[in-house]
Amino acid sequence: MVIGKTIGDRVFEFANSLFMIGLIVVTLLPFWMCLVGSFSDGNEYLRGAISLWPEGFNFYNYKVVFMDKTIYSAFLVTIMRTLIGTALSVLFTALVSYGLSRSNLKGRNIYSVFLLISMFFSGGLIPYYLVLKQLGLIDSFFVYIIPALFSVWNMLIFQSYFREIPSVVIESARIDGAGEYRIFFQLILPLSKPVLAAIALFSVVGHWNAFYDSMIFTSSQSLETIQLFLYRIISNSSEAAGMAKAAADAVPVGARKVNPETIKMATMMVTTFPILISYPFLQKYFVKGVMIGSVKG
Amino acid sequence: MKPFKISYRFKAQFELQSMVWPGLLFVFIFAYLPMYGVMIAFQQFDFFTLIENANANIFKIFASSEFVGLQNFKEFIHDDSFWPVLRNTLGINILGLIFGFPIPIIFALLLNEITSAKFKKTVQTVSYLPHFVSWVIFGGMVLTSLSADRGVVNAILVGLGLFDSPVEFMANPDYFWTVAVVSGIIKSFGFGAVLYIAAIAGVDQDLYEAASIDGCGRFRKIIDVTLPSIMGTVVIMLIFSVSGILDTGFDQIIVLQNSLNVEMSETIDTYVYKLGVGQMRYSYSAAVGLAKSVIALILVFLANYLAKRISGKGIM
Numbered sequence: 000m001v002i003g004k005t006i007g008d009r010v011f012e013f014a015n016s017l018f019m020i021g022l023i024v025v026t027l028l029p030f031w032m033c034l035v036g037s038f039s040d041g042n043e044y045l046r047g048a049i050s051l052w053p054e055g056f057n058f059y060n061y062k063v064v065f066m067d068k069t070i071y072s073a074f075l076v077t078i079m080r081t082l083i084g085t086a087l088s089v090l091f092t093a094l095v096s097y098g099l100s101r102s103n104l105k106g107r108n109i110y111s112v113f114l115l116i117s118m119f120f121s122g123g124l125i126p127y128y129l130v131l132k133q134l135g136l137i138d139s140f141f142v143y144i145i146p147a148l149f150s151v152w153n154m155l156i157f158q159s160y161f162r163e164i165p166s167v168v169i170e171s172a173r174i175d176g177a178g179e180y181r182i183f184f185q186l187i188l189p190l191s192k193p194v195l196a197a198i199a200l201f202s203v204v205g206h207w208n209a210f211y212d213s214m215i216f217t218s219s220q221s222l223e224t225i226q227l228f229l230y231r232i233i234s235n236s237s238e239a240a241g242m243a244k245a246a247a248d249a250v251p252v253g254a255r256k257v258n259p260e261t262i263k264m265a266t267m268m269v270t271t272f273p274i275l276i277s278y279p280f281l282q283k284y285f286v287k288g289v290m291i292g293s294v295k296g
Numbered sequence: 000m001k002p003f004k005i006s007y008r009f010k011a012q013f014e015l016q017s018m019v020w021p022g023l024l025f026v027f028i029f030a031y032l033p034m035y036g037v038m039i040a041f042q043q044f045d046f047f048t049l050i051e052n053a054n055a056n057i058f059k060i061f062a063s064s065e066f067v068g069l070q071n072f073k074e075f076i077h078d079d080s081f082w083p084v085l086r087n088t089l090g091i092n093i094l095g096l097i098f099g100f101p102i103p104i105i106f107a108l109l110l111n112e113i114t115s116a117k118f119k120k121t122v123q124t125v126s127y128l129p130h131f132v133s134w135v136i137f138g139g140m141v142l143t144s145l146s147a148d149r150g151v152v153n154a155i156l157v158g159l160g161l162f163d164s165p166v167e168f169m170a171n172p173d174y175f176w177t178v179a180v181v182s183g184i185i186k187s188f189g190f191g192a193v194l195y196i197a198a199i200a201g202v203d204q205d206l207y208e209a210a211s212i213d214g215c216g217r218f219r220k221i222i223d224v225t226l227p228s229i230m231g232t233v234v235i236m237l238i239f240s241v242s243g244i245l246d247t248g249f250d251q252i253i254v255l256q257n258s259l260n261v262e263m264s265e266t267i268d269t270y271v272y273k274l275g276v277g278q279m280r281y282s283y284s285a286a287v288g289l290a291k292s293v294i295a296l297i298l299v300f301l302a303n304y305l306a307k308r309i310s311g312k313g314i315m
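Chains as they are written, first to last, in numbering that gives the first Met the number 0: chain A, 0 to 296; chain B, 0 to 315.
Treat the hints as calculated values from the structure; they're not laboratory data. Please note that a few of the clues may not be correct.
[Unchecked claim] Calculated cross-link-like contacts (lysine-lysine; reagent style DSS-like; alpha-carbon spacing at most 27 Å): (1) A/K132 / B/K273; (2) B/K220 / B/K119; (3) A/K4 / B/K73; (4) B/K117 / A/K283; (5) B/K120 / B/K220; (6) A/K132 / B/K120; (7) B/K119 / A/K287; (8) B/K59 / B/K273; (9) B/K59 / B/K73; (10) B/K220 / B/K307; (11) B/K120 / A/K4; (12) A/K4 / B/K307; (13) A/K68 / A/K244; (14) B/K220 / B/K117; (15) A/K4 / B/K220; (16) A/K287 / B/K120; (17) B/K120 / A/K283; (18) A/K287 / B/K117; (19) B/K273 / B/K73; (20) A/K283 / B/K119; (21) A/K287 / A/K192; (22) B/K120 / A/K192; (23) A/K283 / A/K62; (24) A/K192 / A/K68.
[Claimed, not checked] Ranges between beta-carbon positions, derived for each pair: (25) B/A116 / A/L186: 35 to 41 Å; (26) B/A116 / A/F119: 35 to 41 Å; (27) A/G21 / B/N56: 23 to 29 Å; (28) B/I297 / A/K192: 50 to 56 Å; (29) B/R219 / A/K192: 42 to 48 Å; (30) A/K244 / B/D79: 37 to 43 Å.
Please read these numbers as outputs of a predicted model, since none were measured by experiment. Every residue gets a Cβ at the ideal spot worked out from N, C-alpha and C, and that includes glycine.
Please build the complete structure, drawing on both the sequences and the hints.
Okay, here's the thing in structure tokens:
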């Protein structure tokens, strides 16, 4: 339906577009300034005025970041927890959700109520902490994996997807003599790739960004995740200064080119890099994931 | 034939049950045991209890500990940090809700008016981005942007003549709430709009045509057609936001907090963490955490009641 646009319409559309461009700028500017700072010469950066382009473009900040040995261990811990944690939690949550989505499951209603109550009530941080302590999970790598194995929220998303699978498919497999586990692994999982991908992606991002658990439940340096490493650098300027000092001792030439601020920015860019490069390709799956979840909710 | 059928069904059901039980056990351990553990809020369980009962099972200590009634709650109310902590928790979160709740809706409505599909997609994609980086990274960028000597925010404000000289935002407690609320909104408005955008896309196009025929302009259509059509989503989201109102923000607050602004930045979550995990005052901090849950529960019922009164829709 085409109706001539009035002047008011045109003014509104122009102002609206301008507003949206403003929003893009506000959202991207912190990322951009951080990127610019991370490639800047440390001394130039402190002296110069604000600029939208690196001053004295160089890679020294990144060199300093990668000279620090703890960042490698932090990356390793984070990658391990992301891979293991995601694989196990997606599989485990999917299995439980599948069982619960079957209408012939005895006790299904009681089970569902039991699980749903846990979404609305919790014991709070301290009792939870004490339970983890009793289980020996405090300051253990498994605190990243085990408490994240199952999520009632993800279960609801899985269930709403599994319910869409025609029961005829399951019945015919059963008649062919397949057991429940075989049906799940060979029939249901291959049919559920979209929802598996969506949940796995959320889980990957969750594990990669998780900071709370390593901050509260671990204390060993060897269990530090990349987010906790970054938090240490950001919240404590002497940490970044220490990195700069260590680098200066190792490579005297580059010492003048870094300062704690630019090192912080380089660390932030390194930490967020995996998200930034995969984001344009993956973001549509995130939106799909939310949509699958909202069908029921 | 019949015995075969029963054993077959039992076997099938056993397999099916065995898929579900581990999940129930998991939830029992990680959700119900902590709920049982809430009783320490009414006991005197701390560092010394752990030392005295070095090898005892924590649950046995729970069960055998003496109850002290509401003593921990009284102690919290009379503590000097009570008012600042309560004020900051409610202040930051309620302001965050008042400003943060409508913005994704307004954003979704305005985005819907953009005619170029490609531009729309680009704006949407960019707006989600901050949701997918951690608070540590985003908070780090906020700190960098707000710094007095090289921060882009100070450069803009001074450039526009709003401030005479750069301000140390993070060193001044007066700015903390504003920083927390605004940074929270920037991080979450885009992803928060996803459901509204979907709801708007689902509005019956005939309604718009009918409205056009009736002579409605663009704004009348937004107010009289789009908004009522997505009202159900709005109410559900509002109740969810209220129910999570006191939960959110540990990562954000702990990243933005420093010793200079702690007076306006200490919330119940950070306080519980510092006293409970840091100082091992388990019973006291569990009581503080429980007080938070009770306040949150009251707020949910209040929100549901108000939503029902105003729009006739609620979730309970």
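Taking the hints in turn, this is what the structure says about them:
1. Between A/K132 and B/K273, the direct Cα distance comes to roughly 17 Å. Compliance with the 27 Å bound is thereby established for this hinted pair.
2. Restraint check: the Cα-Cα separation between B/K220 and B/K119 comes to about 20 Å, which is no more than 27 Å; the hinted pair holds.
3. Note on A/K4 and B/K73: the hinted pairing is violated, with a Cα-Cα distance of about 66 Å set against a maximum of 27 Å.
4. Only pairs whose Cα atoms come within 27 Å are accepted, and B/K117 paired with A/K283 is accepted, the gap being roughly 14 Å.
5. Between B/K120 and B/K220, the direct Cα distance comes to roughly 23 Å. Compliance with the 27 Å bound is thereby established for this hinted pair.
6. Restraint check for A/K132 and B/K120: the C-alpha separation of about 47 Å exceeds 27 Å, so the hint is violated.
7. Our distance criterion of 27 Å between C-alpha atoms is met by B/K119 and A/K287, whose separation comes to about 17 Å.
8. A threshold of 27 Å between alpha carbons decides the hint, and for B/K59 with B/K273 the separation of about 25 Å falls inside it, so the pair holds.
9. The hinted pair formed by B/K59 and B/K73 meets the criterion: a straight-line CA distance of about 26 Å does not exceed 27 Å.
10. Between the alpha carbons of B/K220 and B/K307 the distance comes to roughly 25 Å, so the proposed pair stays at or under 27 Å and holds.
11. For a cut-off of 27 Å, the pair hint linking B/K120 to A/K4 stands: about 23 Å separates their Cα positions.
12. The suggested pairing of A/K4 with B/K307 is violated, with an alpha-carbon distance near 40 Å, which exceeds 27 Å.
13. For the proposed pair A/K68 and A/K244, the alpha carbon gap of about 14 Å is at most 27 Å, so the pair holds.
14. Straight-line distance between C-alpha atoms of B/K220 and B/K117 comes to about 23 Å, which keeps the hinted pair within the 27 Å bound.
15. For the proposed pair A/K4 and B/K220, the alpha carbon gap of about 15 Å is at most 27 Å, so the pair holds.
16. The hinted pair formed by A/K287 and B/K120 meets the criterion: a straight-line CA distance of about 14 Å does not exceed 27 Å.
17. Between B/K120 and A/K283 the CA atoms are separated by roughly 10 Å; this keeps the pair inside 27 Å, and the hint holds.
18. For the hint pairing A/K287 with B/K117, the CA-to-CA distance comes to about 18 Å; that is within 27 Å, so the pair holds.
19. Distance restraint check for B/K273 and B/K73: the Cα-Cα separation of roughly 19 Å lies within the 27 Å cut-off, and the hinted pair is therefore satisfied.
20. Under the criterion of a C-alpha separation no larger than 27 Å, the hint pairing A/K283 with B/K119 is consistent with the structure, at around 14 Å.
21. Between the alpha carbons of A/K287 and A/K192 the distance comes to roughly 12 Å, so the proposed pair stays at or under 27 Å and holds.
22. For the proposed pair B/K120 and A/K192, the alpha carbon gap of about 25 Å is at most 27 Å, so the pair holds.
23. Only pairs whose Cα atoms come within 27 Å are accepted, and A/K283 paired with A/K62 is rejected, the gap being roughly 34 Å.
24. Between A/K192 and A/K68 the CA atoms are separated by roughly 39 Å; this puts the pair beyond 27 Å, and the hint is violated.
25. The hinted window of 35 to 41 Å between B/A116 and A/L186 holds, with their beta carbons roughly 38 Å apart.
26. In this structure, B/A116 and A/F119 meet the distance hint of 35 to 41 Å, their C-beta atoms being roughly 40 Å apart.
27. For A/G21 and B/N56, the Cβ-Cβ distance of about 59 Å falls outside the hinted range of 23 to 29 Å, so the restraint is violated.
28. In this structure, B/I297 and A/K192 break the distance hint of 50 to 56 Å, their C-beta atoms being roughly 43 Å apart.
29. Taking 42 to 48 Å as the suggested C-beta distance range, the pair B/R219 and A/K192 conforms, at roughly 44 Å.
30. The hinted window of 37 to 43 Å between A/K244 and B/D79 holds, with their beta carbons roughly 39 Å apart.
When held up to the earlier numbered hints, the structure conflicts with 3, 6, 12, 23, 24, 27 and 28 and fits the remainder.
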